[in-house]
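Trainee: Model the placement of chain B on the given structure of chain A, informed by the hints.
Respectively, the protein sequence lines represent chains A and B.
The numbering used here puts the first residue of the first sequence at 65, with every later residue one more than the last.
The numbering used here puts the first residue of the second sequence at 3, with every later residue one more than the last.
Possibly wrong hints are sitting among the right ones.
[Stated by the list, open to error] In silico lysine-lysine, DSS-like type, Cα no more than 25 Å apart, as pairs:
no. : chain 1 : residue 1 : chain 2 : residue 2
1   : B       : 59        : B       : 85
2   : A       : 164       : B       : 44
3   : A       : 132       : B       : 80
[Said to hold, decoys possible] Here are some chain A residues the structure puts well away from chain B; computed CB gaps all over 12 Å:
no. : residue
4   : 77
5   : 95
6   : 102
7   : 107
8   : 132
9   : 142
10  : 163
These are computed hints drawn from the structure, not numbers from a lab.
Beta carbons: idealized from backbone N, C-alpha and C, even for Gly.
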Amino acid sequence: GESVGLHLPTLSVQEGDNSIINCAYSNSASDYFIWYKQESGKGPQFIIDIRSNMDKRQGQRVTVLLNKTVKHLSLQIAATQPGDSAVYFCAENRGAAGNKLTFGGGTRVLVKP
Amino acid sequence: EPEVTQTPSHQVTQMGQEVILRCVPISNHLYFYWYRQILGQKVEFLVSFYNNEISEKSEIFDDQFSVERPDGSNFTLKIRSTKLEDSAMYFCASSEIGDSGYTFGSGTRLTVV
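Same shape as in the complex, but just chain A (with noise of 0.2 Å):
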């Protein structure tokens, strides 16, 4: 499911290590998802995104995977840089369902030089 609340879950990374992301949603019938970079005081920036006829997608530095089985997402983002510490954002899109995209609850990023 998805989680609300004023505590975002936040993981630490060294400047150079690779970060991993994981998002658990909800919709079996969602066919897009989409990552998305928050920094402070500014709105949803994409990252990128998966279409589900895709387990994985690679993208500048960036990997996203899908595992329709179990309904997760990854975000691998690889030689993790202080400019990459922001607030990331799984959304998920049901398609014909509707327009509309749902939002995961967010993690922290944080890199340490």
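Mentor: Okay, now just chain B, sitting in the frame of chain A:
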């Protein structure tokens, strides 16, 4: 890179007053959305808009809320009589094809006092 522009960046209003939040979506986009984020919580869908009408709305989007596309470039969210619990960041988003490629604005922070 094309952007979604929102004004104002911060709005303070007294409880019971009407507010209008403004957005300029990306020019070739046809689908428009409003989301909100209460401090420390996840981003929540409010409403989607296509072809000059609401295509979907959440239970948050009650009779106090309305949206309008008054001309070819602006997309507005009106709250008729603000309540304290309307205090949040409000994000506008747009999409060219509706089921992907969402771009978010930087948001308007609404503070109701």
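Trainee: Each hint needs a verdict: does it hold in this structure or not?
Mentor: Hints and how they fare:
A threshold of 25 Å between alpha carbons decides the hint, and for residue 59/B with residue 85/B the separation of about 19 Å falls inside it, so the pair holds. This hinted pair checks out: residue 164/A and residue 44/B have alpha carbons roughly 14 Å apart, not beyond 25 Å. With a CA separation close to 39 Å, the supplied pair residue 132/A and residue 80/B exceeds the 25 Å bound. With a closest Cβ-Cβ approach of about 22 Å to chain B, residue 77/A is found to remain outside the 12 Å limit, as its non-interface label requires.
Non-interface call for residue 95/A relative to chain B: violated, since the shortest CB-CB distance, roughly 8 Å, does not exceed 12 Å. The claim that residue 102/A lies off the interface is violated: its Cβ sits roughly 8 Å from the closest Cβ of chain B, which falls inside the 12 Å cut-off. A cut-off of 12 Å between C-beta atoms contradicts the statement that residue 107/A is not in contact with chain B; the least separation is 4 Å. Under the 12 Å C-beta cut-off, the non-interface status given to residue 132/A relative to chain B holds; the minimum distance is some 18 Å.
At roughly 23 Å, the least C-beta separation between residue 142/A and chain B is larger than 12 Å, which holds for a residue marked as non-interface. Not every Cβ of chain B is farther than 12 Å from the Cβ of residue 163/A; the closest lies at roughly 5 Å, contradicting the non-interface assignment.
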